[in-house]
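Residues per chain, in single letters:
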Amino acid sequence: MIPHEHLTPDEMVLHYYSEGCREPEERLAECPQCRAEYRALQRVLNAADGYAPPERDCGFEARLWERLRRELPVRQAEPRWRLHWRALSVAAALAVAIFFIGRWSAPNRPDPALAGNDVLMEAVGDHIDRSQFLLQEVANDPRTAAPREELADLLGANRLYRQTAAMSGEPAMADLLDELEQLLVEMQNVEQTNGEVREMVFKLRVAAAELRKAKSGKEDRL
Amino acid sequence: MHESEAAAVARARTGDGDAFRLLVERYGRSVFRLGYRLTGNEQDAEDVVQETFLRAFRQLDKYDGRASFHTWIYRIASNYSLDLLRARRRTETPEPESLVSTETSADRRVLSEQIGDRLRQAMDDLSSQERSAFVLRHYEGLSIEEIGGVLGIAQSATKNSIFRAVQKLRRYLEPFSGGAR
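Sequence order for the protein chains is A and B.
Numbering (the numbering used here) for the first sequence: 1 to 222.
Numbering (the numbering used here) for the second sequence: 223 to 403.
Hints listed in this document are in silico derivations from the structure and should not be mistaken for laboratory results.
In this text the structure is predicted, and so the values were computed from the model without any measurement.
A few of these clues could be false.
[What the hints assert, rightly or not] EDC-like, lysine to aspartate or glutamate: derived pairs with alpha carbons at most 16 Å apart:
1) Lys-203(A) <-> Asp-178(A)
2) Lys-390(B) <-> Asp-10(A)
3) Lys-381(B) <-> Glu-210(A)
4) Lys-381(B) <-> Asp-10(A)
5) Lys-390(B) <-> Asp-346(B)
6) Lys-215(A) <-> Asp-126(A)
7) Lys-213(A) <-> Glu-137(A)
8) Lys-381(B) <-> Glu-122(A)
9) Lys-215(A) <-> Asp-129(A)
10) Lys-390(B) <-> Asp-347(B)
11) Lys-381(B) <-> Glu-368(B)
12) Lys-215(A) <-> Glu-122(A)
Next up, chain B with everything else stripped away, as it sits in the complex:
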């Protein structure tokens, strides 16, 4: 952790709003991106980012500095996102899968939109743990060890979650990805 960040955390613990604002400004955007990729929903992502920092402030005393602040805040964001996903899956009826156009258009924009649709379907098809592990590895660049720390699972379970996520993505995307690049 940078010295200035450690100092900001220490001051924020004493209730210093300016210090905590520094942390919010540094990580707000990346927590939003993580929240969006985990929930797939802009409104939920806004909710994730706000709730994450509220929880972080209230739990600052529990932060022991062993993990980076970045990893610690991601853990809070991931846990809250998973709670949202679980709650949503309990209450929502799954929507029927939208039909992907079977037209063989040469228009790359259409193809790109199809890939985007398939990607969203694939992400929604992942379990909460698979989605979290994949997002943290693929988009956030965390190591498997760090992801295990964030999600509170063993490295072997982390790897298996990523493997399963990639398998599912392949099933959804392989028919399209040949022409994507």
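Chain A with its partners taken away, still in its complex shape:
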């Protein structure tokens, strides 16, 4: 009978890490001593998994980049939203005015409520685009935090749209705007974390796409 050759500790380590050039499975299956040794090794190495680094919060990358940016000779694009901010603000205010005019002073329309809803959705679409633009910039580059007065401007418009959406029977839109409002309030008070901003950008992107799709469907039908 051929004397039994046990797996060496080093072979077991390689097997644990799937690095071995031999196939020790058979040996482990047929030899209780090797199997017991291997299980002991597994327990130790599994216990080593407990050496976990402390979790970094979701603003870690932003802070890291801020520190690096000061030290590195890099160039960055100027945030685009500054150029568009005032124009978007005026457009949003005009859209609200159009909505109210369309809703309350268009007696010849066959269904004033529906016509008003169309204008509301148009205005909310612009507002969402504007919010998305700002949040995307903040998410991409937290050092370009929005100036407080401009944030307040956006927040004021958002409140108006949210209340109007709720009164016009658009609960889903009212909920989204409510969530956006909470985020804008938080951004006013503290530096907002990138993760939350990205999540909101994603939701706004989805909502904006749905609005565009609904609008283009309506135009096709006309």
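Position chain B relative to chain A; hints supplied.
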């Protein structure tokens, strides 16, 4: 390397901050984890992650794309961590080993804390090379060949470093690991 990553590296070489930021965002967290496991210290790990990316940016011209960017940045992080460890060992007096409770409590939390303490002691007892090789293999999942590339040592030396690290860990953890799982 992903095409977008290769493009980001190429743009970062020209001084494009947005491109380099993509790389920082992609690898910052994993470099922090590596730094923490190599140095065992949160503050040092923060230092490692910052210094790694500063060095990486300055050395981008030397990056030839043969290794993945991930492996290349780990090499920089490991080298800097090893420098920190060596400097610390030269200047610090080793602390006396803390006593592990000999109480045979059934409380798993206490046992888990004991294992955590022993694990930290075991990691501190490893040489710089053993610790690096073990961390890169066990936690980061790099192959022995990749670890050899990161640490600039032969595969046989890499294997031996891992074997020695595991032996030491067994000495520290075996009395506890039976009840750990």
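| request: Would you mind confirming whether the straight-line C-alpha gap from Lys-381(B) to Glu-122(A) stays at or under 16 Å? | output: Distance ~65 Å between Lys-381(B) and Glu-122(A) Cα, so the pair is violated.
| query | Does Lys-215(A) pair with Glu-122(A) here, judged by a C-alpha cut-off of 16 Å? | reply | 9 Å, holds
| query | Regarding the pair Lys-215(A) and Asp-126(A), is the alpha-carbon distance no greater than 16 Å? | reply | Distance of about 13 Å is within 16 Å: holds.
| Is Lys-381(B) close enough to Glu-368(B), meaning Cα to Cα at most 16 Å? | 12 Å, holds
| message | Run the distance test for Lys-390(B) versus Asp-346(B): straight-line Cα separation, threshold 16 Å. | response | Cα-Cα ~11 Å, so holds.
| Hinted pair Lys-390(B) and Asp-10(A), Cα distance within 16 Å | This hinted pair holds, its Cα atoms lying about 13 Å apart.
| Are the Cα atoms of Lys-381(B) and Glu-210(A) separated by 16 Å or less? | 56 Å, violated
| said: Next pair to validate is Lys-213(A) with Glu-137(A); report whether the Cα-Cα distance is within 16 Å. | reply: 25 Å, violated
| said: Against the 16 Å threshold, does the CA-CA distance of Lys-390(B) and Asp-347(B) hold or violate the hint? | reply: The hint holds at about 8 Å.
| Hey, Lys-381(B) versus Asp-10(A), does the alpha-carbon distance stay inside 16 Å? | 9 Å, holds
| said: Against the 16 Å threshold, does the CA-CA distance of Lys-203(A) and Asp-178(A) hold or violate the hint? | reply: 13 Å, holds
| query | If you draw a straight line from the CA of Lys-215(A) to the CA of Asp-129(A), is it 16 Å or shorter? | reply | Cα-Cα ~15 Å, so holds.
Against the hints set out earlier in the document, violations occur for numbers 3, 7, 8.
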